[in-house]
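Trainee: Sequence:
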Amino acid sequence: MQKVAIAPESEVIMWGDFHGSARALLEGLSFLQNEHYIDNHFNIMNPHCYFVFLGDYVDRWDQGIEILYTILRLKCANPDHVILLRGNHEDVTLNQYYDFEYEILTKYAGVGSFLFAAIKRFYETLPSALVLESENNCILCCHGGIEVGINPEKLVQSIGPVRYQLFTIVDRENSLPVGSALHDALITRVPASELAAFSMPLERPSNHSFGCLWSDFELCEQESISYGERGIRCGKALTHYYLDQISNGEKKVRAIFRGHQHNGDMYKDLIENRGLVKLWSDLVYTLLASSESMEEDIHFASFVKITTASDYTDWSVGHWFRDIKIKAQISRLFTVWQYLRENVFAVCDCTCCPVLGRRLRGLLSLFLLYKNR
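In our numbering, the protein residues as written are 224 to 596.
Everything labelled a hint here was simulated from the structure, so no lab data went into it.
Hints may contain errors.
With a straight-line Cα cutoff of 30 angstroms, these simulated DSBU-like cross-link-like pairs (lysine-lysine) come out [claimed, not checked]:
1. Lys501 / Lys528
2. Lys501 / Lys459
3. Lys377 / Lys501
4. Lys501 / Lys491
5. Lys491 / Lys528
6. Lys377 / Lys475
7. Lys475 / Lys343
8. Lys501 / Lys475
9. Lys491 / Lys459
10. Lys459 / Lys475
11. Lys528 / Lys475
12. Lys377 / Lys491
13. Lys528 / Lys459
Produce the entire structure from the sequences given, and follow the hints as far as they go.
Mentor: So this is what it looks like as structure tokens:
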């Protein structure tokens, strides 16, 4: 887990899940370029501006490579101002099931296996959560939700521009006061196999799921905790308790910004609201950078802009989105692809773009070198 302290009046541009929709990312970056947030070389122009990506860059759509290429260009150009978090789909096991591995092997043929191995290493460098602080006010940023089995209080209360905390044990059963209503709800509603302590990092396949990557929030306000097919769902009472526990000091965690929960009723709300849903008086913000399915009549691009201040009541959260009519565009793109495959790729006996492949491998190497410096 990482912590970054930024100055008041800073701006934070934050994206939720892309799932391989490069169009959504490029729409947002094009807008930011027109507004002079970035230049033609991916440089962030304002020294008090930060980009935060909440994970799930790949799978489902077929432009995961293009997403990784673009965010790595941003990260390498602005290493201290672009923060890439890990989502549950930054996992090679899921990539094999949801087709990102197939995308790589199809686009990059003979070098696909090498590239997939490099991407696995890239995944392992990503923090699972971010504490973003400005003048003792913090927000917790992650892909999934709360992991009740860890307590990042020391990280929250730490001093310095950038800090990290490594968690090696997740112990959910002993995380809540024994005999409390929350503890009783935890042990009665969550399977015993999920409560047993386990070591990090997880080796796949695993029977455990780490909450910062996998957890959801219980939409029913009266439920303190529940359990679903994707793991623990935290309710309002547990969320308040957890944030209070990690705020036992001068620095306070005020809200959670996350992605991930684009299913069921939450997905309907995210589509209707174009990528942003707030829970419990703005305690939890759920983001989605693009609609998930090509079957949607409307595809949108979305991000939020957070402006910090000395007093948390003066922080602001703005929401940018743009609707994109894509069905006709998909048809046109398919026609162009057919032409390229028959008239260009056939000539060079290549079914991929080797230039992009080489550039992506180079960016991965540069990124890993930066992380190891």
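Trainee: So, for every hint listed, does it hold in this structure?
Mentor: Going down the list of hints, with the structure as the test:
no.: 1; hint: Lys501 / Lys528; result: holds, 14 angstroms
no.: 2; hint: Lys501 / Lys459; result: holds, 12 angstroms
no.: 3; hint: Lys377 / Lys501; result: holds, 27 angstroms
no.: 4; hint: Lys501 / Lys491; result: holds, 13 angstroms
no.: 5; hint: Lys491 / Lys528; result: holds, 22 angstroms
no.: 6; hint: Lys377 / Lys475; result: holds, 12 angstroms
no.: 7; hint: Lys475 / Lys343; result: violated, 34 angstroms
no.: 8; hint: Lys501 / Lys475; result: holds, 20 angstroms
no.: 9; hint: Lys491 / Lys459; result: holds, 20 angstroms
no.: 10; hint: Lys459 / Lys475; result: holds, 17 angstroms
no.: 11; hint: Lys528 / Lys475; result: holds, 21 angstroms
no.: 12; hint: Lys377 / Lys491; result: violated, 37 angstroms
no.: 13; hint: Lys528 / Lys459; result: holds, 24 angstroms
Of the numbered hints given earlier, the model fails hints 7, 12; all others are met.
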